[in-house]
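So the protein sequences, as listed, match chains A and B.
Position one of the first sequence corresponds to residue 1 (our numbering), numbered consecutively onward.
Position one of the second sequence corresponds to residue 1 (our numbering), numbered consecutively onward.
Just so you know, the hints here were simulated from the structure itself, not pulled from any lab data.
Where hints are given, some of them may not hold.
[Stated by the list, open to error] With a Cα cut of at most 35 Å, we get these calculated DSBU-like pairs of lysine-lysine: (1) 185(A) x 18(A); (2) 50(B) x 68(A); (3) 18(A) x 144(A); (4) 18(A) x 68(A); (5) 18(A) x 83(A); (6) 83(A) x 245(B).
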Amino acid sequence: MREIPESVVALLGEDALKRALAEATPGTALCTGVDIPFYPRLSIRSNARALCMLLQTEEQAHFWELLKLSGLRQSGWNVRRFKGDTGAQRLWGIVLGLMERPPALLALEPMSGMNEREREGFAALLRRCGEEGIPFTYTAARLKDVMDLGLPQRLRLALPGGWRETDTAQAEEALAGEEEKNWNKLQLRWEEGEDGKASEA
Amino acid sequence: MGKHLRHEVYVLLRRWPALLLILAALIGNYWLGGVKVAGTERYNRRIDAKCYWLISGSEFQSTLESDRYYMKYTHRTEEDILKRYGLEEAEVTELEDIFPLLAGAQYRRCLWFLGGLLFLCMILPPVLIRDPLNSGVPALAARLTRSRRTPALAKIMVYDLCVLLISLISTLIQIGVYAGSIVSQAGFAYVLGTTLLRLLMDLAVLSVPLYLAFLIRRIPGLVAVEAAYGVVCYILNVAACNSDKLLPIPIPAYLHGLRPLWQQGGPAGWIVLAAAVSVVWIVLFTALSLRRFHREGEKRLGVREAAESLKAAN
């Protein structure tokens with residue numbers, strides 16, 4: 001059985017965003033889909049090079065490594081632009097968030113607007129956070145998106161009265177045979193008395 | 001500071017639309033600053049012939065009569081013109097020979113007039129300051145380098161450098177085209193001194209748009225305010241050229257237009273005042289801009305602020 005990294009947590013449910021923001025510890029860096037710092041008229045490569053000029057040598061190596069992991073540093077990046085490319089913008093925002101080495105990072109709906117390739121990059125960044133123990137919490141609209149990343153993760157579902165914790169392996173097991181893998185169905189299964197354990201956050 | 005400057009220059013050179021706009025500002029500054037100067041050849045549709053623009057409405061009023069232009073194919077001869085402008089003693093055989101005699105007046109016209117300011121006001125601050133600030137990168141740079149003012153200072157330095165280069169190049173072209181013989185007539189020291197004073201005063205006039213770019217976030221609104229400021233400067237500049245009095249409040253755009261300031265052996269007190277006022281304006285508006293950037297950086301959205309805004313929205 002694959003090990004579930006402790007530091008990577010996906011939040012699901014209607015109130016997940018509101019509760020996550022209310023409960024976040026001070027100093028947590030926030031990655032939203034807006035206000036992502038980049039020059040819209042410059043290519044991704046030029047943006048990266050411009051930013052690199054401001055970093056120390058060891059920070060530069062870390063930054064290039066994160067870019068490579070995210071998949072942004074690939075062929076065509078010298079002409080590809082962030083303007084209108086929501087997925088690339090969100091990935092860039094997460095790379096910048098991780099580069100600043102915050103005590104914890106909270107990303108709001110990071111996967112919205114990402115294509116298959118960008119999701120792979122996001123999964124690679126999550127994997128790195130899991131390996132290094134960097135606390136990374138993110139909200140997701142659909143359980144299927146989280147499951148499709150192919151990465152064992154902790155899941156927290158916002159239910160009335162508190163959070164309910166599980167992980168992707170247990171969710172997979174609970175939803176075996178279901179065509180649609182969404183958190184409502186998972187909640188229904190729990191209510192029927194199947195897998196999962198309740199905990200007050 | 002070095003890495004911030006490198007960053008700014010790199011970003012500027014990578015943005016070719018911005019470079020094109022700066023080139024447009026340079027051409028506009030030259031074109032608007034150089035019209036209506038003696039010796040400019042014009043086509044006159046009324047008489048279907050070429051004619052020479054001999055005077056500039058305000059500059060030549062004191063030294064020449066206010067004749068608007070000389071038509072080459074009318075009853076006037078070169079002798080008429082020379083007599084009219086008190087140049088009978090000059091050894092002139094062709095009309096074009098009169099123009100070098102007017103070089104001093106033309107040179108002063110090139111210096112005091114702020115015609116191209118409107119272009120610079122509208123183009124440079126949004127392109128060089130507000131657009132990059134809206135991208136959020138300077139705020140990120142401030143966080144990464146733990147320096148709250150250096151990114152803005154580097155941006156201001158690049159802006160000042162662009163203003164100086166545009167002003168210098170357009171002034172040199174104007175002098176070359178309209179008053180090429182001024183160095184041999186008046187001396188290199190006079191030309192260098194007045195050109196440097198002009199650069200300093202241009203920088204002072206354009207330090208207000210710099211602050212406005214830090215102050216106003218929306219680019220259309222900023223362009224409108226900058227255009228209004230340019231018009232006010234133009235009015236002050238033209239008003240000053242017909243006046244020999246100082247305003248109670250020293251304003252660079254007005255001081256720029258005072259013609260005695262640009263004359264050879266002009267009043268030293270006025271020159272010192274103009275230079276001092278320019279330096280004060282540059283320092284004042286640079287400091288205000290830095291302060292504004294510092295305050296804008298503090299408004300970064302954090303987790304607590306996001307939670308509060310979400311609560312307020314619900």
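Hint by hint, here is what the structure shows:
Between residue 185(A) and residue 18(A) the alpha-carbon distance is near 22 Å, which keeps this suggested pair within the 35 Å criterion. With a C-alpha separation of about 66 Å, the suggested pair residue 50(B) and residue 68(A) falls outside the 35 Å cut-off, and the hint is violated. At most 35 Å may separate the alpha-carbon atoms for a hinted pair to count; residue 18(A) and residue 144(A) meet this at roughly 21 Å. Under the criterion of a C-alpha separation no larger than 35 Å, the hint pairing residue 18(A) with residue 68(A) is consistent with the structure, at around 32 Å.
Proximity of residue 18(A) to residue 83(A) is assessed by CA-CA distance (about 28 Å); at most 35 Å being required, the pair is judged to hold. Under the criterion of a C-alpha separation no larger than 35 Å, the hint pairing residue 83(A) with residue 245(B) is inconsistent with the structure, at around 53 Å.
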